[in-house]
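Student: Read off the chains here:
Number of protein chains: 2
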Amino acid sequence: MALLVVGSIALDTVKTPVEEHGDLFGGSASYAATAASYFSPVKLVGIVGTDFPQTEFDFWKSRKIDTAGVQRVEGKTFRWSGEYAWDLNTRQTRSTELNVFEKFEPKLPRSYRKADFVLLANIAPALQSRVLKQMERPHFVVADTMNLWIETTRADLDTLLPNVDLLILNDSEAREMTKETSLIKAGRGIRKMGPRYVAIKKGEHGALLFGDNEFFSCGAYPLEDIHDPTGAGDTFAGGMAGYLAGTVRKVHFTDLRKAMIYGSVLASFCVEAFSLERLRNLTMDQINERYEAFKLMSQFEVIT
Amino acid sequence: MALLVVGSIALDTVKTPVEEHGDLFGGSASYAATAASYFSPVKLVGIVGTDFPQTEFDFWKSRKIDTAGVQRVEGKTFRWSGEYAWDLNTRQTRSTELNVFEKFEPKLPRSYRKADFVLLANIAPALQSRVLKQMERPHFVVADTMNLWIETTRADLDTLLPNVDLLILNDSEAREMTKETSLIKAGRGIRKMGPRYVAIKKGEHGALLFGDNEFFSCGAYPLEDIHDPTGAGDTFAGGMAGYLAGTVRKVHFTDLRKAMIYGSVLASFCVEAFSLERLRNLTMDQINERYEAFKLMSQFEVIT
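From first to last, the protein sequence lines are chains A and B.
Counting along the first sequence from 1, when you hit position 288 you're at 288 in my numbering, and nothing is skipped either side.
Counting along the second sequence from 1, when you hit position 12 you're at 1012 in my numbering, and nothing is skipped either side.
FYI, nobody ran anything at the bench for these hints, they're computed from the structure.
Note that this is a predicted model, so its numbers are computed, not measured.
Idealized CB from N, CA, C, for every residue including glycine.
Computed from the model, here is a short list of chain B residues facing chain A with C-beta under 8 angstroms:
| # | residue |
| --- | --- |
| 1 | D1087 |
| 2 | T1181 |
| 3 | L1183 |
| 4 | I1184 |
| 5 | F1216 |
| 6 | G1219 |
| 7 | L1223 |
| 8 | E1224 |
| 9 | R1257 |
| 10 | K1295 |
| 11 | M1297 |
| 12 | S1298 |
From just these sequences and the hints, can you work out the full model?
Tutor: Put into structure tokens, the structure is as follows:
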């Protein structure tokens, strides 16, 4: 089934201790939609300015990503610039130019409204809620968020949460949201705020998944070198939601376990190059090879 | 088969943000031997002073831990005092009194020398080497270490490593030892220093295991509350080594995977109370229940 993805579409400038690149194709929806497109048809919702390259529309088309919901308006595309510390684990935002994003009002084409699966990639929770309101009872809603919204628009986030089936956030955001140092307490605490399932991303340490009396923990794919962590979280969310939309009719905890692994696999490719470069031309063989590696690296009861 | 355990036996004072207790039974060998005793007979090597309570010898006896190699000499037992930060993730040593430990020269009773499995729990690497020299070709040698030895007696540690089959250390120690930020690079780098296998403990994030082209990653048991992290690493090492000694004739990577889970299970009990309190009276049912929980929390290809 199709997955509706809404989020930011951006042109990024990224500086790591080793390299700096500008005018990079980025944004939460770009990463998420591309990752998801390996598993299911995608209907993209977003906004770009007149400076946005037509080549990316061609790329989306090549990946069967429907762009009927992408508005192209007068002005400049949303721009973000960030710099990573020496260990690539922390980053500072150098600048954010909202540009056309400032007045973004998501409008769903009629053909989008019946999508059964929705990924509300990282944007303001009020916008995420306004997308949901235009939809006809989706079966499964995944939402991503970030520290900015926890700190500045908490009421909007709290309004959204009961309408979310799976909330994805990272470890520091989970701690911030609950004021708990234990991630186990944090994950369980966030479930009480509304979402049936909560996934906590821990970067190099993998991810945790919380359900009703259910728990899943996975490691990260063992990469020696990371080139650019930008978009890894968005890619994780896109891989998870795409796998669910493309494979499952009714989501159970068992499906979410596999979805976490596929999200982790896609994220492992994402960080191997700047922008979406590594995600543009993957094959299902490459994806499944890493999925199998996850099996090998996590099993301790070998079936012989 | 029997496991020889050598390390420190101590009386600890531990302060957490919530509680403070003194005269606690502790030390790397005490934790490791107790954890191991759930899986195999243990032959303990260490030293205590005349202030050391006879009740602990009785406890060892009750757990079938052979104390023929524990010297009791005139003077005070080794004492350590530490204080944990609010999140229990970092600690400061407040004081260390070597006392009788200062002149400790491990002497293996004749009955110890043929042990097939050895755990060199955390003590100075020169002492660890002197224990190995008294042994007749053990099949499998596990060693634990700490930042102190990496910083102050690195040459001794480097001499020991080629004689070690499995080195266990924590994430910050692995990074310090190799000057690598990536734990994947660190784990692989340490193997080149001698040990066939390397286990990196990551506290709440679980543990990683490196072999020749083999890799295993596991999470930590999901505990909401931790009361005292002291000894968790020693317990992990003891659980791993004990499981191997008690279950396996010839160690393969498959056995090490299971051993990591048993080590994690024992460590999860350890941190639930101060000192060794939670480790004194476990049942195999309790241990196996958590082992099963590890299976459930890490599988994503369900066999139905």
